[in-house]
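Undergrad: One-letter residues, chain by chain:
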Amino acid sequence: MKGSKLFKQRWQRQWQTYAKYLPYVFNDHAILAFVILFGAALLAYRQFLLTLTVTPLTLLLLWLGMGLTLTIFNRPATFILEADTIFFLGDQTSLVGLYHYATLYSMIINGFIELVLLLALLPLMIVLLTTKVWLLVLLICLMVTCKVMCTGWLAYRWAHFSNDYGAVSNKLVNWRQLAQAETNRQARILAFFNLFIDVPGQTAKLSRRRWATPLIRHWPGQQTARLTYLYVLTFFRQDQYFMTWMRLTLFGLAVVVLSQGWLRVCLLALLVYLLMLQLIPLVTSHRQIVFDHLMPLSLADRKAAFVWVISPLLVVTQVLWLGLALVLAPKGQELLQMGLPLVLMTLVLVFWYSGKEIETLFKRRAYRAFKK
Amino acid sequence: MALIVKNLSGGYGQAPVLHDVTFTVPDQSVTALVGLNGSGKSTTINHIIGLLPPRTGTITLNGVDLISDPFAYKRQIAYIPEQPVLYQELTLREHIDLMIRIYHLEAKRTWQEANQLLERFRLAHKLDWFPIYFSKGMRQKVMIVLAFMAKAPFYIIDEPFLGLDVLAVDDLLALIDERRAAGASILLTTHVLENIMPHAQSYVYLAKGRVEKQGPASDLVNLEMSRD
Numbered sequence: 470m471k472g473s474k475l476f477k478q479r480w481q482r483q484w485q486t487y488a489k490y491l492p493y494v495f496n497d498h499a500i501l502a503f504v505i506l507f508g509a510a511l512l513a514y515r516q517f518l519l520t521l522t523v524t525p526l527t528l529l530l531l532w533l534g535m536g537l538t539l540t541i542f543n544r545p546a547t548f549i550l551e552a553d554t555i556f557f558l559g560d561q562t563s564l565v566g567l568y569h570y571a572t573l574y575s576m577i578i579n580g581f582i583e584l585v586l587l588l589a590l591l592p593l594m595i596v597l598l599t600t601k602v603w604l605l606v607l608l609i610c611l612m613v614t615c616k617v618m619c620t621g622w623l624a625y626r627w628a629h630f631s632n633d634y635g636a637v638s639n640k641l642v643n644w645r646q647l648a649q650a651e652t653n654r655q656a657r658i659l660a661f662f663n664l665f666i667d668v669p670g671q672t673a674k675l676s677r678r679r680w681a682t683p684l685i686r687h688w689p690g691q692q693t694a695r696l697t698y699l700y701v702l703t704f705f706r707q708d709q710y711f712m713t714w715m716r717l718t719l720f721g722l723a724v725v726v727l728s729q730g731w732l733r734v735c736l737l738a739l740l741v742y743l744l745m746l747q748l749i750p751l752v753t754s755h756r757q758i759v760f761d762h763l764m765p766l767s768l769a770d771r772k773a774a775f776v777w778v779i780s781p782l783l784v785v786t787q788v789l790w791l792g793l794a795l796v797l798a799p800k801g802q803e804l805l806q807m808g809l810p811l812v813l814m815t816l817v818l819v820f821w822y823s824g825k826e827i828e829t830l831f832k833r834r835a836y837r838a839f840k841k
Numbered sequence: 097m098a099l100i101v102k103n104l105s106g107g108y109g110q111a112p113v114l115h116d117v118t119f120t121v122p123d124q125s126v127t128a129l130v131g132l133n134g135s136g137k138s139t140t141i142n143h144i145i146g147l148l149p150p151r152t153g154t155i156t157l158n159g160v161d162l163i164s165d166p167f168a169y170k171r172q173i174a175y176i177p178e179q180p181v182l183y184q185e186l187t188l189r190e191h192i193d194l195m196i197r198i199y200h201l202e203a204k205r206t207w208q209e210a211n212q213l214l215e216r217f218r219l220a221h222k223l224d225w226f227p228i229y230f231s232k233g234m235r236q237k238v239m240i241v242l243a244f245m246a247k248a249p250f251y252i253i254d255e256p257f258l259g260l261d262v263l264a265v266d267d268l269l270a271l272i273d274e275r276r277a278a279g280a281s282i283l284l285t286t287h288v289l290e291n292i293m294p295h296a297q298s299y300v301y302l303a304k305g306r307v308e309k310q311g312p313a314s315d316l317v318n319l320e321m322s323r324d
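Heads up: the sequence lines are chains P and X, in that order. Going by this note's numbering, the first residue of the first sequence is number 470, and it counts up by one from there. Going by this note's numbering, the first residue of the second sequence is number 97, and it counts up by one from there.
Among the clues, some could well be false.
Some, not all, of what chain P presents toward chain X, calculated at C-beta under 10 angstroms [as the list claims (entries may be wrong)]:
#1 L675
#2 R695
#3 L696
#4 L699
#5 Q707
#6 H755
#7 P765
#8 S767
The set of hints was computed from the structure by calculation and includes no laboratory data. Positions of the beta carbon are idealized from the N, C-alpha and C atoms, including for glycine.
Can you build the whole structure from these sequences, using the hints too?
TA: Here you go:
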């Protein structure tokens with residue numbers, strides 16, 4: 470089979486898989502929230518640009534930001550499967566062809582990502598660097614080319630066995646390494662979809678976090694809702710939940726610093742909503758374990774346990790945000806303007822919305838046990 | 097009778113796998129559910145533990161019907177699946193704590209029982225390890241400890257001997273005898289008939305989703321499994 474045909478086959482299969490899961494991501498209120506967040510972010514960006522002045526610090530930040538775009542790197546796809554190392558053992562020509570096309574594909578994707586990021590920074594570049602179009606175009610082209618070349622170089626390095634002195638042989642290809650790289654790449658993408666629907670065969674990235682042990686032991690609600698213990702452990706140990714909470718809390722702190730008034734309140738409210746949306750899958754994260762179906766626990770038990778898990782987390786997040794707002798501008802009225810809507814929204818999300826979403830999730834996911 | 101399965105038909109998807117399956121597991125006894133690969137043993141187990149809804153028929157455990165009162169029904173069952181399934185983010189100690197919380201077990205007594213089982217299966221020094229990283233046999237032992245520490249009235253054990261070392265097989269069989277003597281009933285599936293024959297009181301032989309034969313365990317010696 471020709472490499473180009475094999476690449477087309479694998480690429481189509483990949484997107485058929487994604488097409489199965491995408492409807493679960495872009496549904497319900499999530500898409501509305503993303504649109505509003507995007508609009509609010511654009512508004513905040515515009516306001517930020519209007520107040521921006523050219524100083525050594527702002528220039529440095531811009532260059533750092535542009536440099537950072539080069540590090541936002543989509544690891545090259547290889548489309549090599551583990552079984553290929555066995556089935557294509559006798560004739561690797563097709564695999565070599567596949568790998569060349571996969572590398573080209575990755576170079577185009579990374580180039581495109583770099584272009585989008587730089588276009589997002591373009592207004593800042595115009596304000597802080599230069600208004601000469603040809604200079605800006607040249608700079609963008611250079612950076613995109615740099616990203617594309619890095620992708621190609623990385624793909625070449627992966628493909629070959631290497632020792633401390635460089636590649637051992639240009640002809641001996643490390644197919645197992647390429648197959649492993651592809652498995653890891655797919656796992657990262659499917660882990661995102663796994664937040665919204667059960668994707669078979671997914672294993673989460675775990676971290677022990679021993680420092681959290683006393684927190685877990687004394688977490689409220691464990692006597693009242695029996696699953697609180699499991700959900701709290703899952704939250705702290707599975708990176709996808711803990712890091713999400715960390716990221717959104719830190720992002721909220723940045724919002725508190727960079728915005729004010731009702732724009733700030735709207736952005737923070739949206740972050741609270743996104744946090745809720747991304748932590749609700751805690752409740753269904755063990756549906757592939759048979760005991761989750763055998764335990765004598767109702768949907769009400771699961772909802773109650775989730776409330777006990779999410780409430781302290783949201784309290785901590787909002788205390789941090791309000792605390793920072795207090796430090797920046799200790800005005801009672803502003804704090805009230807910020808705090809009251811957030812608290813009200815949190816109450817609605819925790820005590821009403823989360824229950825509805827959990828019910829929908831349970832109906833949606835593969836569920837063969839009996840419901841009370 | 098502990099377990100009564102009556103006219104059970106069911107399966108996965110549109111085509112039924114089980115056809116009119118009827119058998120019982122008497123009180124305080126061990127029943128072996130045997131059959132060739134694909135005969136419907138695991139499908140039967142999946143119906144009994146409530147993972148699959150029966151298309152027709154009833155399943156009753158100690159007088160409690162599965163459909164009418166699933167929580168009271170499931171509360172009576174301790175299940176050991178064929179493939180060990182564990183929570184990847186929980187240590188062995190936390191697995192035990194979780195079971196204690198979910199099933200409202202008395203913590204002190206259950207931990208005493210768990211510690212005895214952990215010693216017996218040589219897992220006592222692994223309490224703060226993550227069982228997900230254990231070998232298959234060790235994970236199977238963890239499942240045995242979790243199931244037997246609760247002292248449930250009914251045990252369902254699917255292929256318990258796979259992956260276990262010789263000592264663990266002996267320990268498990270001794271445990272099954274002890275629980276039966278203490279009043280529990282056990283339904284287990286196995287291909288290793290010589291292991292279970294001295295310990296079982298009855299058997300049920302499934303073929304192509306139907307009960308082909310059933311009777312006292314002593315008849316297992318003469319059991320002929322059809323190649324058709």
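Undergrad: Return the numbers of the hints above that this structure violates; sort them in rising order.
TA: none
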